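Student: My numbering puts the first residue of the sequence shown at -17, with every later residue one more than the last.
Treat the hints as calculated values from the structure; they're not laboratory data.
All values derive from a computational prediction rather than experimental measurement.
Warning: the hint list may mix true and false statements.
Here are the simulated distance ranges between beta carbons [stated by the list, open to error]:
1. N270 - E529: 45 to 55 Å
2. N687 - K654: 22 to 32 Å
3. P252 - D358: 42 to 52 Å
4. E119 - A560: 55 to 65 Å
5. S496 - D144: 28 to 38 Å
6. H151 - N687: 17 to 27 Å
7. N24 - P275: 49 to 59 Å
8. S168 - A560: 40 to 50 Å
9. Q443 - N687: 52 to 62 Å
10. N270 - N115: 30 to 40 Å
Just so it is clear, CB atoms sit at the ideal spot from N, CA and C, and this is done for glycine as well.
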Amino acid sequence: MAQNSLNLANTKGQELIIVSSDEDTKKAAILLKTYLDQAFDNPFIIQNNKSENTGNSKIIIEINKESSGENDCFVIKSDEKNLYLIGPNAKTLRYAVYTLLETWGFRKYTAKDTFIPKLKEVTFSKNFSKNYNPSFEYRALFYPDCYDENFRDWHKLDWQIDDFGIWGHSFYKLLSAKEYFETNPSFFALYEGKRNSESLCMTNNTVVKIVSKKMSEIISQNLKASFFSISQNDDVVYCECDKCKALNEKHGGPQGSLYYFLNKIAVKFPKTKIATLAYHHSYQAPKNIKIKPNIYTLFCPIEMNRGKSIEDITDNNFLNILNKWSTTTDHLYLWDYTVEFTNYLSPFPNLHTFSNNYKLYQQNKVKGLFVQGYGDIAGDLYELRQYLLAKIIWDTNTDVETITNDFLNGFYGKASPFIKKYIDLLIQNQQKNNRYLNIYTNPIESRNTFLSPEAMDQYDQLISEAEMVSRNEPVIARRILKLRLALEYVYFEQAKFYGKGLHGMYQKNGDSFSVKDNLENRVENFVKNCSDFGIYELSEDGLSPEEYLKQWKYIAQNNVVNHLGEGLKYEFVTPPDAMFNNKKENGLHDGIKGYKDFNLNWTGWYGQNAEISIDCNNIQFNSLDFQCLEDQRHWIFLPSKIILKGFKNQKWETIKEQKSEHISKNKNVTTKNYSFNKIDFSVFEKIKIILIPEQKLPAWRERKNKKPMLMIDEVILR
């Protein structure tokens, strides 16, 4: 019976020959030989002529520019004796080489971690032929190892840093507000009745000329780039002048005047691929306008539940928008978000959504992807995330379970069963609790779902077992330590929130509280380990581990207080915003003061007065203090006025009023303390604190549908 496979042993005197017929294929041949020589005892031979009759089987590498049509496609095939790698260019030949190596057990887990098996022979089916075609024409990941060219080639990834002459939000690069706003405000958006430097006027012909000129300069300086972005800044500002407004009404919204503007520029650069973002106010597809054929739209779905596959979300509004885009433009790309930007080291169980979502994108005519991850930060499980995503966006029919298990077995060795259970349990707990996963969430919001104390104990046990079985394998042990950072980070964040209570950071010592034994050492070790792993930021905002430690120590030393109000009844007269009311009334008198993170221990009111009453209960006190947060980036401002009232003899009377100073622009996050001292509060049955917000936002933060927010914490009575 004839054999169905080629058995390639590469023994001495019967060497397996790699055929490279010209200079264009030589690099791929050398690449293949380099890896195979490390796997076999005997070196492989590169031969220039495939017709030489040696009697040995050959791996023949060929360029055939007409063989595969699309640039990223390639062919691997065999006959009765030889194996063939065929691609239209040098890049696709590298793709073919790496694909062949993977079939023989080679793996590239990260840029630095490559597995090369020890082989005596390899096999390949005879008379086999397969055309390898990517699911998407453009596939870029923004994860740490994607900065490495060899990693990108192995996983068939593009690289936006090289491919875009201008990337992302670009209005500010194309027409400088610093240069033009003072002298030519009409170049910029008329927004909420005022010229705003955050966007441009889409119907100003001079703006078109300036942007076109700048584009010419940038194109001439980036001859190898494929795309050039002309996109709104990272803001919600758009022009509402009469001409732009008329276009917006005609074409379905602010995206109407944007594509009118883009079409004008696209005509001037017909051979240039102009990219733009469908983002915030330009998120919807325009109506009644034909988009020029060289415009590529990057659809940016920011507000989406990352904890469910899109097809499982009952509200199908997203699908409706996606469908409209797929029929509006011939070049629909998608900018996907796959991590929690506010907490790079917090577990974010969304791996189970990748496969279904990318299949759905492909079905809806998405042709290219930019998948944003941690950038160059080694965030939680980044190794598995980037590996899995690369496989899926090359081929949406990838068997995710098989790929995941293969990666975990290779990367974590004996510890892999525990890591698999850990990941599966994270996902199961998230699904069981139906936790909405937002890319701007935090571990505190998940404290009652997949990051509950009970769940954290289960995760800790699994990681501890992984640590135990890998204790004699330093490389694996270090990888487990990296996973441990996520649990440590969650614990530290939640401990700040729980404060004096169970799971909190403080312990009672007589009449006072102090940080729990060894907890500060754990935080210090966490910071050191972050540094060792090259994790220089913990969030998109740029918080460094060193600054995190500094803030943590400040909170530990300064934000725990004992006061008379802890035993009294506090009541909301006006209800706070549900998103910023994690501790209910207890948050205002739990003995823990808020710091700079508005998610942590602050209570917030949006666009209305904050009114809190306190039952005095015949307690003797003559001092009342509280603090407010100012974070103008998130529309959190200090109160414009504070009114303190007391209730006695069946009526309220004003004890004190205080007006705030005029608002000034402030990029920093700050807290301000308000004190009311030397007042005999014991004469009142109740005290009421009324905070009145600014009636309107200051000009530099005016945005549609935004109002000033008030945040207060720890009303201290002494």
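Student: Please go over all the hints and tell whether each is borne out by the structure.
Tutor: Hints, verified against the model:
no.	hint	result
1	N270 - E529: 45 to 55 Å	50 Å, holds
2	N687 - K654: 22 to 32 Å	27 Å, holds
3	P252 - D358: 42 to 52 Å	36 Å, violated
4	E119 - A560: 55 to 65 Å	43 Å, violated
5	S496 - D144: 28 to 38 Å	53 Å, violated
6	H151 - N687: 17 to 27 Å	21 Å, holds
7	N24 - P275: 49 to 59 Å	54 Å, holds
8	S168 - A560: 40 to 50 Å	42 Å, holds
9	Q443 - N687: 52 to 62 Å	46 Å, violated
10	N270 - N115: 30 to 40 Å	35 Å, holds
In this structure, the hints that do not hold are numbers 3, 4, 5, 9, in rising order.
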